[in-house]
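Visitor: Just so you know, the sequences run in chain order A and B.
Our numbering puts the first residue of the first sequence at 1, with every later residue one more than the last.
Our numbering puts the first residue of the second sequence at 1, with every later residue one more than the last.
Do not rely on the hints blindly, as some may be mistaken.
Sample of chain A residues lacking proximity to chain B, with all beta carbon distances greater than 12 Å (derived) [to be verified]:
1. Asn14
2. Ala18
3. Thr73
4. Phe147
5. His224
6. Ile253
7. Asp273
8. Arg275
9. Asp333
10. Ala389
11. Asn412
When the alpha-carbon atoms are kept at most 20 Å apart in a straight line, the in silico EDC-like pairs for lysine to aspartate or glutamate are as follows [unchecked claim]:
12. B:Lys91 to A:Glu97
13. B:Lys130 to A:Asp384
14. B:Lys392 to B:Glu424
15. A:Lys230 to A:Asp248
16. B:Lys48 to A:Glu59
17. A:Lys91 to B:Glu424
18. A:Lys130 to B:Asp384
19. B:Lys421 to B:Glu341
20. B:Lys52 to A:Glu54
21. B:Lys123 to B:Glu295
Everything labelled a hint here was simulated from the structure, so no lab data went into it.
Keep in mind the model is a prediction, meaning the values are calculated, not measured.
Note that the Cβ used here is the ideal one computed from N, Cα and C, for glycine as well.
Number of protein chains: 2
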Amino acid sequence: MRLSAYFLPTLKENPTEAQIVSHRYMLRAGMIRQATSGIYSWLPMGLKVLRKVEQIIREEQNRAGAQEILMPTIQPADLWRKSGRYDDYGKEMLRIEDRHGRDMLYGPTNEEMVTEIFANAVKSYKDLPKNLYHIQWKFRDEVRPRFGVMRGREFFMKDAYSFDIDFEASKAAYNRMFVAYLRTFERLGLRAIPMAADTGPIGGDLSHEFIILADTGESEVFCHSDFLEKASPSSDVDYSGDLQPIVDDWTSIYAATDEMYVKEDFEGSVPEDKRMQCRGIEVGHIFHFGTKYSEPMGAYVLNSEGENVPVFMGSYGIGVSRLLGAIIEASHDENGIIWPEAVAPYQVGLINLKAKDEACAKACDDLYQKFNAAGVDCLYDDRDTSAGAKFKDMDLIGLPWQMVIGPRGLKNGVVELKNRKTGEKEELTLEAALSKLGL
Amino acid sequence: MRLSAYFLPTLKENPTEAQIVSHRYMLRAGMIRQATSGIYSWLPMGLKVLRKVEQIIREEQNRAGAQEILMPTIQPADLWRKSGRYDDYGKEMLRIEDRHGRDMLYGPTNEEMVTEIFANAVKSYKDLPKNLYHIQWKFRDEVRPRFGVMRGREFFMKDAYSFDIDFEASKAAYNRMFVAYLRTFERLGLRAIPMAADTGPIGGDLSHEFIILADTGESEVFCHSDFLEKASPSSDVDYSGDLQPIVDDWTSIYAATDEMYVKEDFEGSVPEDKRMQCRGIEVGHIFHFGTKYSEPMGAYVLNSEGENVPVFMGSYGIGVSRLLGAIIEASHDENGIIWPEAVAPYQVGLINLKAKDEACAKACDDLYQKFNAAGVDCLYDDRDTSAGAKFKDMDLIGLPWQMVIGPRGLKNGVVELKNRKTGEKEELTLEAALSKLGL
Numbered sequence: 001m002r003l004s005a006y007f008l009p010t011l012k013e014n015p016t017e018a019q020i021v022s023h024r025y026m027l028r029a030g031m032i033r034q035a036t037s038g039i040y041s042w043l044p045m046g047l048k049v050l051r052k053v054e055q056i057i058r059e060e061q062n063r064a065g066a067q068e069i070l071m072p073t074i075q076p077a078d079l080w081r082k083s084g085r086y087d088d089y090g091k092e093m094l095r096i097e098d099r100h101g102r103d104m105l106y107g108p109t110n111e112e113m114v115t116e117i118f119a120n121a122v123k124s125y126k127d128l129p130k131n132l133y134h135i136q137w138k139f140r141d142e143v144r145p146r147f148g149v150m151r152g153r154e155f156f157m158k159d160a161y162s163f164d165i166d167f168e169a170s171k172a173a174y175n176r177m178f179v180a181y182l183r184t185f186e187r188l189g190l191r192a193i194p195m196a197a198d199t200g201p202i203g204g205d206l207s208h209e210f211i212i213l214a215d216t217g218e219s220e221v222f223c224h225s226d227f228l229e230k231a232s233p234s235s236d237v238d239y240s241g242d243l244q245p246i247v248d249d250w251t252s253i254y255a256a257t258d259e260m261y262v263k264e265d266f267e268g269s270v271p272e273d274k275r276m277q278c279r280g281i282e283v284g285h286i287f288h289f290g291t292k293y294s295e296p297m298g299a300y301v302l303n304s305e306g307e308n309v310p311v312f313m314g315s316y317g318i319g320v321s322r323l324l325g326a327i328i329e330a331s332h333d334e335n336g337i338i339w340p341e342a343v344a345p346y347q348v349g350l351i352n353l354k355a356k357d358e359a360c361a362k363a364c365d366d367l368y369q370k371f372n373a374a375g376v377d378c379l380y381d382d383r384d385t386s387a388g389a390k391f392k393d394m395d396l397i398g399l400p401w402q403m404v405i406g407p408r409g410l411k412n413g414v415v416e417l418k419n420r421k422t423g424e425k426e427e428l429t430l431e432a433a434l435s436k437l438g439l
Numbered sequence: 001m002r003l004s005a006y007f008l009p010t011l012k013e014n015p016t017e018a019q020i021v022s023h024r025y026m027l028r029a030g031m032i033r034q035a036t037s038g039i040y041s042w043l044p045m046g047l048k049v050l051r052k053v054e055q056i057i058r059e060e061q062n063r064a065g066a067q068e069i070l071m072p073t074i075q076p077a078d079l080w081r082k083s084g085r086y087d088d089y090g091k092e093m094l095r096i097e098d099r100h101g102r103d104m105l106y107g108p109t110n111e112e113m114v115t116e117i118f119a120n121a122v123k124s125y126k127d128l129p130k131n132l133y134h135i136q137w138k139f140r141d142e143v144r145p146r147f148g149v150m151r152g153r154e155f156f157m158k159d160a161y162s163f164d165i166d167f168e169a170s171k172a173a174y175n176r177m178f179v180a181y182l183r184t185f186e187r188l189g190l191r192a193i194p195m196a197a198d199t200g201p202i203g204g205d206l207s208h209e210f211i212i213l214a215d216t217g218e219s220e221v222f223c224h225s226d227f228l229e230k231a232s233p234s235s236d237v238d239y240s241g242d243l244q245p246i247v248d249d250w251t252s253i254y255a256a257t258d259e260m261y262v263k264e265d266f267e268g269s270v271p272e273d274k275r276m277q278c279r280g281i282e283v284g285h286i287f288h289f290g291t292k293y294s295e296p297m298g299a300y301v302l303n304s305e306g307e308n309v310p311v312f313m314g315s316y317g318i319g320v321s322r323l324l325g326a327i328i329e330a331s332h333d334e335n336g337i338i339w340p341e342a343v344a345p346y347q348v349g350l351i352n353l354k355a356k357d358e359a360c361a362k363a364c365d366d367l368y369q370k371f372n373a374a375g376v377d378c379l380y381d382d383r384d385t386s387a388g389a390k391f392k393d394m395d396l397i398g399l400p401w402q403m404v405i406g407p408r409g410l411k412n413g414v415v416e417l418k419n420r421k422t423g424e425k426e427e428l429t430l431e432a433a434l435s436k437l438g439l
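Build the full structure now, drawing on both the sequences and the hints.
Guide: What follows is the structure, encoded as structure tokens:
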């Protein structure tokens, strides 16, 4: 993409309304614009990253055997009256009346709806297990939206729902999502730590929040530093096999949010030099809730004995739009964003130092064609502006590599290649630079 | 995908609520389920087709130079007060009050919002032309939703908005979308005919509806039969060149909906044996509206003389979810859907006639692996049900090819290959059958 044609309205100044770095950088890098409190439009570069994050989540959900559906944003209130949550949910639920006076709502989550879809279609244990997920916009009318996409009102979320014949099978479904989440966050360039979460009236130990560490995190967390080095399950992990050993391995060392923190347990089980007390951001939550929804919503199947029994369910969420903020909170410096390769909007930024120099423009145009032909996604700064402005914008945008071409270098047969993360700059021949980028 | 594991709840009976064939087949083929009046959930196979249609639309928008953004579903009412449409829009607009009593709405369209985004970012003619589009869920509170996804309340739509410095440039933008639409519908396996549409108070001739012919169409149309044979622009059409000759070619012969129909013009310009009077479904609409929104919303830029002028705009819609219904209306028979190759959920359906026969199961499993390895998207009916039920489901689902394997054929070294569209069945060696599928 040529920057001269791209819709990328970067900002030089920090917007006053943005309190945290991810919000500031997403606005400044032209990724999002606020439509109204807690509601954002995604501009081309922000949307590109959002789609990459979404696709990685989708691939790992599919790999783990979940099947994608898409439920609507607007739901009838009657569904929620059936589960009893319509009155319970409070003011966070955006309630709507349609032209015929029927009560509707903008879905904040989908347990009721997916359970109804399942209940109307599946009648026998032979059709289990099932895991249905969707990636859809949701709405929670936060009383005080803030932190950009980290705590918005309209937000993009992946939510999966598992249906199983009994607790044991439901636990296996839970484990599949546990492992899929480890893989998902690893691929996103994040180290997410599963921490035991409150299971409320359901009880048991099948609820985990996945939390990444960042100074601006919303909650205090306590964990063993070994988590930082742990290897995630590989892409050939066998989802039809027993995943309990992996789950045990990841839950056997201490990790807790302040809500679940017990000082004695932490200090008793973690050596002093391994104790980490820091701040974290929740990016995923998995939860087993048994028959809480299947009973009121009538999701019963025949078991192998011919009895009609309610299915055991779990739900598994990842905040997709929130993840963009979380990634930036975890990966940035004072000059801007530092995108992990897997979700970078473009792999390389090509800077023409002197757009009006014919030879320089020709060299850059040729290189841009070469990148396109090789399938390397390149953002080409062909604008007629100062070198300083171009460097600043490119650092702010945070692509993994910058290739800088100017008239002087061209004369000497060299280009400059900069790694955004390390800051390392090298003068190389074009061939050597391309080979560093894998071409 | 193995059908035994797939969430594909097909129905044997025609649902009584469905009046038209696309609605019936989408329900029966397990593509959608109604959540409430005019609001649908998309099950895995329906979503798969929806995404394919969406992707073709996206590719052709990008090719024509449009840039994808994503605006939220919920909009503040103040935006619409600025344009004057908040009071005008009537009961089709879903109006919402948030917890703080602020007026909001579920966007039925996005002229106001995109104009505001543009106006805040672009200040000079040098940054034009721009075309921003998004593919997002919208809501129109139809008084009587019907025909499934053809006239739903929550619907998926691509809407693009062009911004140009003057009428001439805006007309070129219009022509790019005109050509992109011809290509899009062609790729979707549809023949869409551009028909002049009412421009209202704006005047001029820059408004076209794209209409496909189908017996169940909502409106009566009159056109020259030459449209059926016209070649669409090829993929290497030059969007930076002059597209007027293509637009002229496609608008020089007669086509009109009943709203715009003039008997004398039709009969005067079309020879009797070329006159078609039939029913049509609107699948796209493009519209130039000049400064209608840029003036009230303050979208002004400096022109080359240094004057501040309102930009010229157009909008360009395609009903993405509606297209699935339209494709089925245009392509089906009494047994079910007949998907055009480009949007078929799977390319081939593999039917194991006898799931309990070990040799047969092994042959089918091997073939399924082979399809997967070759990147052929295959739906494998490995269920232990009757051959008759399998044939019926596969015809209903409407994949382009069916490959049938049974114990008897295996003994003779042959499989049956059926083309869903022509109904032609052949007994072939496995090698010959695979080579027919391009393997």
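Visitor: For every hint, state whether the structure bears it out.
Guide: Each hint, compared with the structure:
no.: 1; hint: Asn14; in the structure: 17 Å, holds
no.: 2; hint: Ala18; in the structure: 16 Å, holds
no.: 3; hint: Thr73; in the structure: 6 Å, violated
no.: 4; hint: Phe147; in the structure: 17 Å, holds
no.: 5; hint: His224; in the structure: 38 Å, holds
no.: 6; hint: Ile253; in the structure: 35 Å, holds
no.: 7; hint: Asp273; in the structure: 46 Å, holds
no.: 8; hint: Arg275; in the structure: 41 Å, holds
no.: 9; hint: Asp333; in the structure: 26 Å, holds
no.: 10; hint: Ala389; in the structure: 15 Å, holds
no.: 11; hint: Asn412; in the structure: 33 Å, holds
no.: 12; hint: B:Lys91 to A:Glu97; in the structure: 11 Å, holds
no.: 13; hint: B:Lys130 to A:Asp384; in the structure: 18 Å, holds
no.: 14; hint: B:Lys392 to B:Glu424; in the structure: 16 Å, holds
no.: 15; hint: A:Lys230 to A:Asp248; in the structure: 13 Å, holds
no.: 16; hint: B:Lys48 to A:Glu59; in the structure: 14 Å, holds
no.: 17; hint: A:Lys91 to B:Glu424; in the structure: 60 Å, violated
no.: 18; hint: A:Lys130 to B:Asp384; in the structure: 18 Å, holds
no.: 19; hint: B:Lys421 to B:Glu341; in the structure: 10 Å, holds
no.: 20; hint: B:Lys52 to A:Glu54; in the structure: 17 Å, holds
no.: 21; hint: B:Lys123 to B:Glu295; in the structure: 14 Å, holds
Checked against the numbered hints given earlier, the structure breaks hints 3, 17 and satisfies all the rest.
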